[in-house]
Each structure stands twice: as C-alpha cells, then as structure tokens.
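> Given only the sequences and the hints, what does the whole structure look like? Please build it.
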Amino acid sequence: MANSKNHWTKFAIKVNNGAMLATLSILTALFGMGPAEAGAIRDIQADEAGITVTFDDVVSKASVFALVGPDRIALDIEGAQTGGAAAAVGRFTNIRQGQFDSETARLVFELAEPMKVVDGAFAADGRSLRLNTAPAAEARFPRLNFEPPLGFRSE
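Residues in the sequence shown are numbered from 6 upward in steps of one, following the working numbering.
One thing to keep in mind: the hints can contain errors.
Said to hold, decoys possible - Here are the simulated SDA-like cross-link-like pairs (lysine to any residue), alpha carbons at most 25 Å apart as the crow flies:
| # | residue 1 | residue 2 |
| --- | --- | --- |
| 1 | 121 | 50 |
| 2 | 121 | 133 |
| 3 | 66 | 81 |
| 4 | 121 | 72 |
| 5 | 66 | 79 |
| 6 | 66 | 142 |
| 7 | 121 | 99 |
| 8 | 66 | 137 |
| 9 | 66 | 103 |
| 10 | 66 | 113 |
| 11 | 121 | 141 |
| 12 | 66 | 115 |
| 13 | 121 | 139 |
| 14 | 66 | 100 |
| 15 | 121 | 96 |
| 16 | 66 | 101 |
| 17 | 66 | 135 |
| 18 | 66 | 54 |
| 19 | 66 | 124 |
Just so you know, these hints were derived from the structure itself, not from any lab.
For clarity, every value in this text was computed on a predicted model and none was experimentally measured.
Listed below in structure tokens is the structure:
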C-alpha cells in the first residue's frame with residue numbers, strides 16, 4: 006500500500022509542475038510584451054532653442070526635472086525605449102540615454118551653463134515632444150509633466 010501512495014504523490018507533483026509551467030509561460034507572454042510595444046526613441050535634438058525628442062510610436066507621458074552638480078536636465082519618458090541618434094550643440098554638451106526601468110526611458114542632457122525648461126508640449130500626433138529652454142541663474146526648476154493629446158496616448 007505504501008508503494009501506491011508514493012506513486013500518487015509523484016503523479017501529483019508532475020501534474021502540479023506542469024500546471025505551474027503553463028501558468029508561468031502564459032504570464033511571461035502577457036507581461037513580457039510591454040517593453041516591446043513601447044515607442045522607441047528615433048531622434049534627439051538639443052540646440053539653442055530647446056530639446057526635441059521624436060518617437061516611432063506614441064508614448065504614455067513625460068516628466069522633466071533638473072539635476073544640479075554638474076548642471077543637467079533629466080527627461081523621463083513613460084512608454085518609451087531608448088535608441089535613436091542624439092545631437093547636442095551650443096549650451097548642451099552631451100546627451101546620455103538609458104532605460105530607467107522596463108517602461109521608462111531616461112534622457113540626461115549635460116549643460117555648459119545653467120538652463121531651465123520653461124514649457125513644452127507633445128506634437129498633435131503624439132510622436133514628438135518639444136521642450137523650450139532658457140538660460141537661468143541656476144539649473145533649478147520644478148518637475149514639469151507632459152502628456153500626449155488624449156487620442157494619441159499609449160495605454
């Protein structure tokens with residue numbers, strides 16, 4: 006009788022492991038697709054007039070804030086993946102990009118002199134973001150948030 010009981014336990018473990026494997030495969034397929042569906046950054050331009058970031062698809066939203074010592078402007082873009090060319094001229098000395106998390110790309114603009122973001126907006130089609138900058142006594146400004154037009158928001 007001990008043999009048949011042990012056989013049942015081994016069978017239950019095999020069935021349970023198979024069910025767990027199937028469940029994990031489904032969850033990985035469902036939740037692992039998020040970053041692949043995000044809009045990739047196609048181009049980044051930073052010049053005397055400001056910053057323009059272009060995407061190959063719509064993104065969720067963006068947030069820009071100042072970093073001090075050395076002076077930098079940081080831009081977090083939810084629903085975006087890093088990539089694309091970056092060109093910095095004038096008051097911008099360098100542009101770095103990285104994936105803050107699986108859903109958020111972060112761009113960091115290194116500055117030759119203190120600047121602030123005075124305003125900005127997404128284009129009507131939601132596929133580019135323009136930030137207007139101006140010289141400042143110090144590179145400090147409150148965090149600014151931007152969202153694409155309602156009809157173009159990534160969900």
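> Now tell me, hint by hint, if it's right for this structure.
Hint by hint, here is what the structure shows:
1. 121 to 50: Holds - the C-alpha atoms of residue 50 and residue 121 are around 16 Å apart, at most 25 Å.
2. 121 to 133: Status holds; Cα separation ~20 Å.
3. 66 to 81: Since the Cα atoms of residue 66 and residue 81 sit roughly 8 Å apart, the hinted pair holds (cutoff 25 Å).
4. 121 to 72: 10 Å, holds
5. 66 to 79: 14 Å, holds
6. 66 to 142: 28 Å, violated
7. 121 to 99: 16 Å, holds
8. 66 to 137: Since the Cα atoms of residue 66 and residue 137 sit roughly 17 Å apart, the hinted pair holds (cutoff 25 Å).
9. 66 to 103: 17 Å, holds
10. 66 to 113: 17 Å, holds
11. 121 to 141: 6 Å, holds
12. 66 to 115: Distance of about 22 Å is within 25 Å: holds.
13. 121 to 139: At roughly 6 Å apart (the allowed maximum being 25 Å), residue 139 and residue 121 satisfy the hint.
14. 66 to 100: 20 Å, holds
15. 121 to 96: 11 Å, holds
16. 66 to 101: The hint holds at about 19 Å.
17. 66 to 135: 13 Å, holds
18. 66 to 54: Status holds; Cα separation ~22 Å.
19. 66 to 124: 15 Å, holds
When each numbered hint is compared with the structure, a violation occurs for hint 6 only.
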